[in-house]
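Let the sequences and hints guide you as you build the complete structure.
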Amino acid sequence: MLAWSTHQLTEYFTAVNAAEDETSAIANAVERAAEMVDAEVGAVVREGGVHGAYGFGRVVPEAGVLEVAAGQPMLVVPNVGELHAVANPLGDQAGEALVVARLAEPFAPEERQMLQGMGQVLGLALRSIRVLAAERHLRAEKERQATSAQTRQRLVETLLTIQRGISARRPLPEILDAVTGGAADLLGGATVTLLLAEGGQERRLTIASTSGGGVTPPEGLARAAMAGGSALVRADARGQMIAAPVRVTGEMAGCLVALLCGVTDENTERRDQLAAFAQQVSLALTDARTVEAVREAHHDPVTGLPNRALFLTILHRVLASRATEEDPTSVLFVDLDRFKAVNDSLGHEAGDQLLALVARRLRGCVRASDTIARLGGDEFAALLHDSPVETATLIGERIVAAVKEPFRVAGREIFIGASVGVAVSREAALKPEELLHNADVAMYRAKKDGPGRVLAYQPYMHAEALDHLSLRGDLQRALRDGEFRLQYQPLIRLADGKPVGAEALIRWYSPTRGFVSPVDFIPIAEEFGLIIDIGQWALETSAVQVARWRRDFPDLGLNVNVSGHQLVHPRFADNVMKALAIAGLPSSAVTLELTESVLMSEPDLGKAALHQLRGLGVQLSIDDFGTGYSSLAYLRELPVDELKIDRAFIARAELTGEDLALVRTIVELAQILGLRVVAEGIENAAQLAALRRLGCGYGQGYHLCRPTDAAEVPAKLLRASIAVLG
Amino acid sequence: MQINPHRWFGVGQSGAPDSAKAGAEAAHAAVGGRTAKAVFVFASASHDLPALLAAVRAEAGPAAEIVGCTTMGELGSAGVTDGGVSVAALGGDGFTVRVKVAPINPSDPRAAGAAAAEAAHHLQDEHQALILLCEGLSGRPHEIVRGAYSALGATVPLVGGFSADDRQFKQTFQFYGDEVLSGAVIGLGLGSDGPIGVGVAHGWRRTEPPMVVTRSHGPHIYQLDGEPALDVLLRRNDFDGSAEEFFDRGRQLQPLGLSRRSGEDIRVIHAGDDAERSVWGTADVPQGALVWLMEGDRQALLDGTTQSCAEAVAQLEPLPPLGVIAFDCGGRRAGLIEGGLDAEMRAMHAALGDAPYAGLYTLGEIARVRGALGMHHLTLVTLALA
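Just so you know, the protein sequences line up as chains A and B, in that order. The first sequence: position 141 = 141 (UniProt numbering), numbered continuously. The second sequence: position 327 = 327 (UniProt numbering), numbered continuously.
Simulated from the structure, these hints should not be mistaken for laboratory data. Note that beta-carbon positions come from the ideal geometry of N, C-alpha and C, so glycine has one too. Hints may be right or wrong, so weigh each one.
As the list claims (entries may be wrong) - With the C-beta cut set under 8 Å, the calculated list includes, among others, these residues of chain A facing chain B: (1) A34; (2) A39; (3) Y54; (4) G55; (5) L103; (6) A104.
Structure below.
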C-alpha cells in the first residue's frame, strides 16, 4: 500500500503552507498527519514543549509525548491505551518533531517515510512563518511610529521592494542593498552595514552592502552577536550600535550592524527591528540559492579565488586603512600567455583545470596575508601589503617563473607563460580601480615587448594605452575614408620564373600617423572587430583588380590573407563568393591564406566554411607553415591546396644543412599530400638556387619581386614573363 | 418496539402533511408514554417546524432533551419518507444524556464543534458517544468535526450527521428543545451502562484513472489535472449539456474519493457553474489532493448498508441491539432511487434482526471510532445501542 501515502504529501504540503501563523500551521500539520495515517493522536514537540496536541482530549500526557520525541516507540494515552508512536524531525534541531501515535498497528516503513516528509514540510513552514511574522511585526511597529504618511509610504514600499526582489530573484547585491538601505531609513539615518562571513577557517567578515554613511562597522560586536546568536546593543562615545546575526539555512552567515550616531538611550524596539531586517537578509540569502550563491557572488567558481568585485573591495579597505604614505601597497596584474590556444585546442574543461592549477601556483608566490584574485578570463591580480616596487617586481618575476614551469592537464604537459604589470601606490587618495588599471596598462606594455616580462607602471604607458584606444577610432576612419591601399607581390614558379599569381597585401598610410605596419594594426582591428570589414574590402578590391589583369595574363591567380575572425563569421563563405561574383573572378583563381594558429584555434568553426568554399572551387593555403602549434592532423582534415614555408626557415643569407633539412621535409611532406609549396622571403640568388634544388615549386621574396602598387604590377608581370621566355 | 425497564429505545414515523399531526404521530410511536431522556427528531424542512416540535414536546414530556435536524429524506423501520418526520426516543436509568448547542462562526467553525463536544465532558458512564447534528451548509464541515475531536480526544466515539433541506441547498435547520435553529451544532453526549456500537460503510469503488485537484478553494473545485473541473466531469460521464442538466435533481451526484490509508474520504459534488466551469459540493476539497471518481452499483451500496449495520451490532456482543440511529447520505439515496430504497430498508431489517431504527438522509456523516478522521460522505453511519 505505498500509493495512498505518496498521494497525500502534496495535499498535506498545501494545507500546512496555507497557515498564516505558527499555531494554525502546527494544528493543520498534526491533524492532517493524524487523519492521513489513521492515528488517534498527534502533537508537535518544539522548544522543549508540546504544541498542537490533538486527539488526547483534555489531558495531554506531555511527558510521554516528549519521550516519543526522544525516541520512545510507544505512547500511553489515558482511557485509550498503549499506542504505537513515531517522531518525525522538523529539521536539524534535535528534539523537535512531529509526533503521531496509533492504536491499531505499528507504522509501516512507507508510512514512516511519508511522516518524515511531513515533519520536514512543517519545519520549513514554521521557519518561513517566523520570518514573515517578524516582517509583519516590523511593519506594524513602524507604521505605529511613522507620523507622516510619506514616511509610511516609503517604508511599505521598501519592504515591498525587498519582498519583490526576493521573489523575482533580483541579483543578490541589489536585494542586500535594499535591506541595508531600508534599515538605515527605518532607523532614522543610521549607518547600516551587512557583513558576511567568507569560507575558510578564519571566516573573515566582508562588507556585502552598506548604507547611510562611510563609518566602518565594529567587527567585534558583529562577531559577538554571531557567537551568541541574538541581536546585541552596545553604546560607546559615538552613539549606539546594534548587531543582529544573519543565518543561512540555519548556519551563521554574517551580521547586520547599525550605528546610530548620537543616540544614547537603550531602545529594544530598534534592536528588534534590525533583527527583523536581519531575518529578511536571511530569507534573501537562503532564497538566493543558499551559501553557495553568496560565495559565488564574491568568488570565482573555477579557482576559488576572490573575483574582481571582492578584490576591489579588499583593495579599497587596504588603501583606506593604510597608516602612513610610507608603506606602499602594490598590485600585480597577471595575464597568461598562450592560454587561449590551450583552451581552444584542449577544451574548456582542460582550460578550467589549468586555471585552477595556475591559481594554486600564484598563491604559492605570495604571503598568506596577500590576496590573489581572478579578474576574469586568463587575468589574475595580486594585492601585496607593504611592498615597494622592487619587492613587487621580484614577486612578479617569481610568478613568471612559476607559470613557465610545465603544467600537467588532461594527461599532457602544457607550456604557458605570464606577463605581469606592477603598480604601486603611496597616495591615500588613489582609487582601487585606478591602481588596478595602472597595473593593467603596465602589463599590456610588458606583453608588447614579448611574453614573460614584468614591468612597473610609468605614466608614459598611460599615454600609450590611450594611443591604443585612439588607434581604434583612426582605423574606423581609415576604412571610411579609404586610407587603406593594396600592394601586390607576385608568386613565381621557381622552375621557370613565371609569375603564376599575386598576393594582395594591405597597407595603411594614416594622415596623422604616417605608415602603420599591418603587424601593428591588424591585431587591433581584430580586437575591435573591424577586421571583418577590412578583410572584405581587401578581398573585393583585389578580386576586381586581378580579374582586370587576367585579360592580359589569363592564368594569373589571387592570394588573399584571411583572419580567423573572418573565418568564424557565419556569412564568411557567402561574402567570399559575393566578392568573386561581383568581380567576375572564377573561384578556381582564388587562394585564401590562413595562418596555422588560426586553423588551430578554431578548428571546428572554420572547417565547415572552408569545406563549403573548397566545394565551390576556392583554394586554401597555409601561411607561415611550420611556426604554428604542432598538429599536422589538420592537413588531412582540411581541404588544403598549398603550403607557404615561413620566412624564418630561409632567413639566413646562406642556408645551413639544418635549414635545408627542414625545408626538404616540408617539401616532401607536401609532395606526398599532393600540395603546392611556396617559399616565402627569398632574398638572394643562393637561397633561390637551394630551394630550386630541393624541388620547391614556387617562391616569393624581394629577390624575385617586391610588393608593388597595383599600377606597376602589369609591367612587372610582363617583364618576368619575358625573362622566363628569354 | 422493545421495552426494557433499565434502557429503552423506540422509533416512530409519520408522513402526515400537517406538521403538528406528523410530529405527534411519530413522537407518540417512539415515546409510547414512557419518560424519555432524549428524543431525536428528523424532519423535512418543508414542515412547519415550530408546530412540529411543539407536538413532539407534548408527547415527550418537559424533561426530555429534544434534538434533531432537517433532512434530505427520513428513514426508519417503517420505510423511507420524503417531506415526513422520523423520531427516535430513548430513556431509562441506564442512559445519561447531556446536550450542548453552539452557533457556528463562519470564520472559526471548529470552535462550534469544540463547544458542542463539551456535552460529553462530564459523562461518567462506562460507554459513551457524542452525537453531533450540524448545519450542513456551513462549507467547512471537516473543521466542525475536528473541533469536536480536538476537545474530546480519542476516548469517545463520534457519530452524527449534517442537516439538509431536501434538495434545496438553501437553508437547513437544527432543533434543540422547542427551538428551531440554523447555523448551529448540537452535541448530545450519550452515556450508557450498556455497550454502544458504531458502523461505517459506503459501498463505492474507484474509477481509474485518478485526478489531481490542481485548483480549488474550499468546497469549490476549479481544475482537475489542470483542466476546467466541469469539463472533466462531463467528459468522464460522457455527458453533453449544461451543468444544471447534468446535476439535474441530484441524479448525477458525483462522488469524489480522496486517497486515504483506510480507503477513501468521499466528497459529493452536487452542482456546477457553466460560465466558471467549476463544480462544488458541501465539503472542502484540498488543492493538491489525488481524487478518484467513485462509482457504485445498487448491490455494492446495499452491501455497504449490511456491512455498516453488522459492524455496529457486532460491537454490542453478546447483547442484542436495542435500536439504531442511522445517518445515511443523501448521495447514497440518489444511487438507490427507483426501488433501491426499499431494498436498503430490507437490508437494514435483516442486519439488525428487526431491532427498531430511525434516521435521516444527510449532507454528510460523522463517525470516528479509530484514527482521527471523523467526517464522511456517501456513507451510512449507524449508532447501535444495547
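Comparing the hints with the structure gives:
Interface restraint check: A34 (chain A) against chain B, minimum CB-CB distance 4 Å, threshold 8 Å, status holds. The beta carbon of A39 (chain A) is positioned within 8 Å of a beta carbon in chain B (closest approach about 6 Å), and the interface hint is therefore held. Checking Y54 (chain A) against chain B by beta carbon gives a least distance of about 6 Å; that is within 8 Å, so the hint holds. A distance limit of 8 Å between C-beta atoms decides the matter here; for G55 (chain A) the minimum to chain B is near 5 Å, and the interface restraint holds.
Given hint, L103 (chain A) at the interface with chain B, holds; its Cβ is 6 Å from that chain's nearest Cβ, closer than 8 Å. Proximity of A104 (chain A) to chain B holds as hinted, the smallest CB-CB distance being about 6 Å (cut-off 8 Å).
Every hint from the earlier list agrees with this structure, and none is contradicted.
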